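*Asks:* Now for the letters of each chain:
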Amino acid sequence: MTVVVAYADTPPGQRAVATAATGEWARADERVVLVPAVRGEQCPDVAEVERRWPALAGRVEVVRGDVGDPGDAVVQVAQRHDARMVVLGLRHRSAVGKLVFGSTAQRILLGATCPVLTVKPDGAPGA
Amino acid sequence: MTDAAFSALASLADPSLLIMLVVGVLAGLVIGLIPGLGGTGAVAILLPVTFGMDPEPALAMLIGALAVVHTSDTVAAVLLGAPGSASASVTMLDGYSMARRGQAKRALSLAFLSSMAGGLIGAVGLTLAIPLARPLVLSFGSPELFMLTILGVSLAAVLSRGNVVKGLTAGFLGLLLGLVGSSPTTAEERFSFGSLFLSDGVSLVAVALGVFGLAEIASRVGQRKVTEEPVTLTGGWASGIREWLTHWTQVVRGALIGIWAGVLPGVGATAGTWLAYGQAVATAKDKRKFGKGDPRGIVGPESANNSVEAGDLIPTFLFGIPGGVPSAMLLGMLLTYGIQPGPSIVSEHLDLMYLIIWAFAIASVAGAFLCFLATGSLARLTKVPFAVLGPGLLVVMLLGAFQEGGQLGDLWVMVALGVVGFFLKATGMPRAPFLIGFVLAIPMERYYYLTTNLYDGAGWMTRPGVLAFAAVLVLPVLWSLLRKARTATGRADDGHRDEHPVEERAEVDLEGSMAGTPWSLGVAAVAAAVFAGALWMSGSFSEEAALMPRLVAVGGLVTAGLLLWQELRPRFQPQADPEPTVHDEAPSGGSTLVATRVEQRTVAQEARAAVRNRDLAIGARTFAAMATFLVLVMVGGYLAATLVFTPVFLLYVARTRPRTAVVHTLVLGLVLLSLPSLLPVELPLGALQ
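Protein chains in written order, with this note's numbering: chain D, 1 to 127; chain P, 1001 to 1689.
These are calculated hints, taken from the structure and not from any lab test. A few of these clues could be false.
What the hints assert, rightly or not - Here are some, though not all, of the chain D residues that point toward chain P, as calculated from beta-carbon distances under 7 angstroms:
| id | residue |
| --- | --- |
| 1 | Asp66 |
| 2 | Val67 |
| 3 | Asp69 |
| 4 | Asp72 |
| 5 | Val75 |
| 6 | Gln76 |
| 7 | Gln79 |
| 8 | Arg80 |
All of these numbers come straight from a predicted model, not from anything done at the bench. In this text, a Cβ means the ideal position worked out from N, Cα and C, and glycines have one as well.
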């Protein structure tokens, strides 16, 4: 089976990768697919990811979807790989922030056709 | 209302109108096939031809071309993977991969039918807009119209792709250029430097063809050859047609998005198609096949593509505010006929409006039909390298600019503006607000004076219409400030649906390739200097004539100053190494990740610098060639200059085989010889003739 991670080089994003690698829900033998989920972010290097999270060595790959919106790209890749679940890091949003700005995370949560596991970084409120 | 609609349809039965419509459709289809021209190119090339005609046949021809350009531009995108115009690049995503799997006919039939439906729905939208907007438009006085002109320029500046400051600077530059010539209120000459030629103002065709047409030629001549073989036309038409019927909701949705994108100034076909693609992806449950040949990825954008052009016409005709570049040129054309768009077109020229709608609808259907028939043979046209077309296009465009005033000076202005357009394009300054500003400068001034003469003091500002427009004006500014504040706090992702091509593809084009280099700093500095000079010169005008130039110059100075600051700021912070934001696991790994990234970036930068220098060299060579051509025209006349220039350009710049060069020159010469007898066109005479 496959787990898809919405990748971002931020604390919530790193927490999501760590969860997919060694978390409670992770399985040691399944493939992990990282999808860049922040617009304009460079694709992470596979070797670099393996160095930072040794538990992922040999079973991680980085895939960019074929659609422009990062949220849609994550859902698309998850569907293509028939993923078991999507792991997604959440960041704190204020009430006004939620109202005014859209959310990639929300789009993934609503659009995904498989279970989505959301995590918050250590020390975040409600983590 | 319906009477006017049907009498307009009856007038289209007039063979001379019908012939013009057919000519327009054919020209539009061919122009759509040639990569890089699009709707702007279609109007730009055909506009000069129409100068000697009556308004009806002229409009029939232009609208016919405009309606079908986006039908045929799909062919190159699907068969070659090289879009015929920027807006067809969306169709390429799914269309090209479908074609590579041997289903080219399926992809094309989906695209043609959607284009047709998009055009038809667009025409319906245009029809519905008239009765809806008519009471509104008729209630407008000069204060509202003045606000509308401001709104047109600033919305174009804010909504164009790229950053807001660049858009505003471009808009102010356009306004300033529009003010050249005699002032409408005091008949004083402004910014004419004592030249009789400039006191007439700068010709619209010269500006549009220079900033868009010539700049496009200069930036594309460098693309040598299309290396890929076109995909063969396989698969059945019928399967595509049947499939298309099952996706009719996508067609309608795409068309509606297209109309909306068209109505907004500055949001053109490109942004409209990406929006349509985005909504198709977002609303699809099964996203697996998008980008790999999903019919929904073709249908929606293709339909939006065509309806954008209809949507563009709504604000153009009803309010006199062009929604995009092609309609800005149409607006200019209407003005030369003495038809004032806005309230008067609704009351006096309603038949003309309906003629446009019918022409649009008929052209959409005919265009799709012709595409089905002729794609097999026309597909080869898409493989012609742009460099070979360059001289022909150049000759036609310059000839076009000559028709408006019959002055060689217009051609020099055009080449100079071509250089300006080239740099605007390369540094990522949107050119649509420039042209819209240019077109609206004089109406803006006229409405302002009418307003201040009719109302005492600031009383007009409290009219409800004015207040509503002011709100529309202020809200986007607040919005963009909010977005900026948000990104400044380090949140790069605001999560907004914003469909842009995946970056690797976007970098092939010249567009914005010089952003963030000394060149863009230079453009900002030159803009600031121009505004400062304008401010200084406006000191010598009388009080009435000086107001607009002064306002524009001050506004431009502020935005250009902001732009300069934006450009300079990263230069004074030499590579402030972004501290890795890794807090928890493996900080050492985090920093190496950053290090490899920086390394990758410098390699990419060097590659980009090499490409940039090549682009610049080619651009410089092309503009030098254009200037040489003009000198030749002054000496020996147009025909002689063409016969000398074309083979030289083809052999030394485009590096074609001698046979191609000779054939090309002969054909072009024959066309030039026969043109004056077929159309009301004059060739410039040289000193030796």
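*Asks:* None of the hints should be skipped; say for each whether it holds.
*Replies:* Going down the list of hints, with the structure as the test:
1. Asp66: Holds, about 2 angstroms.
2. Val67: Holds, because the Cβ-Cβ distance from Val67 of chain D to chain P comes to roughly 5 angstroms (cut-off 7 angstroms).
3. Asp69: holds (6 angstroms)
4. Asp72: holds (5 angstroms)
5. Val75: Constraint on Val75 of chain D satisfied, holds at 5 angstroms.
6. Gln76: This interface hint holds because 4 angstroms falls under the 7 angstroms limit.
7. Gln79: holds (5 angstroms)
8. Arg80: holds (5 angstroms)
In summary, this structure violates none of the numbered hints.
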